[in-house]
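> Here is how the chains run, residue by residue.
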Amino acid sequence: ETGVTQTPRHLVMGMTNKKSLKCEQHLGHNAMYWYKQSAKKPLELMFVYNFKEQTENNSVPSRFSPECPNSSHLFLHLHTLQPEDSALYLCASSQEGGATTSQYFGPGTRLTVT
Amino acid sequence: AQSVTQLDSQVPVFEEAPVELRCNYSSSVSVYLFWYVQYPNQGLQLLLKYLSGSTLVKGINGFEAEFNKSQTSFHLRKPSVHISDTAEYFCAVSPNQGGTSYGKLTFGQGTILTVHP
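Quick note, the sequences are listed as chains A and B, same order.
For what it's worth, my numbering labels the leading residue of the first sequence as 121, then goes sequentially.
For what it's worth, my numbering labels the leading residue of the second sequence as 12, then goes sequentially.
If you're looking for bench data, these hints aren't it; they were derived computationally from the structure.
Some clues are possibly wrong.
[As the list claims (entries may be wrong)] Heads up, simulated DSS-like pairs for lysine-lysine below, C-alpha to C-alpha not over 27 angstroms straight-line: (1) A:K161 / B:K60; (2) B:K115 / A:K161; (3) B:K115 / A:K156; (4) B:K60 / A:K160; (5) A:K142 / B:K115; (6) B:K60 / A:K156; (7) B:K115 / A:K160; (8) A:K172 / A:K139.
All values derive from a computational prediction rather than experimental measurement.
Sequences are here, hints too, so could you generate the full structure?
Quick look at the structure:
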């Protein structure tokens, strides 16, 4: 596989469930990102991991818990979500180089909370 | 902090017509500017970016954008669109600050470009 992959592509979960989203990048990048894309709202940066260390948490509720075991894998653990958390969750990665480097996005996981 | 405003939520055009998608930004520091495209059921793909130098930037698929510092704009243009250009387009900025080895993108709300035959 090449690029950035995300699984599952679609997920329906109840508010009491626990699930995890997975992202894997095959580009040798050092930084990985989680974004939330809701209808009629701009993409929102949620978390940034740089060399496996969390460097950004954009005031995300604790019901979202990220994990980055190595530079190639990123998880988003979900528990006791709310219906307003339904959205497309996008993962991205970039090479070291600061703000000039391009971010490469995966296809996203479409999450529906019932 | 940065903010990005895409002035049109939807732009319908006919095939082979020119198109301009407008983007304005606000920032207290200098920024880098990006345009991304999102095709249905896919992630975002980088079209082009402005880092420095010439204010006219050429990207993939025949798109170009012009950085205008005085008007804080970064409009995207294509002289002749194809049906396959139908997608959602996002303008984004990242602060030009030293000390970090990653980008912090702030996105606009997106513009849906629909190309009709």
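> Which of the numbered hints are not met once you compare them with the structure shown?
Failing hints: none at all.
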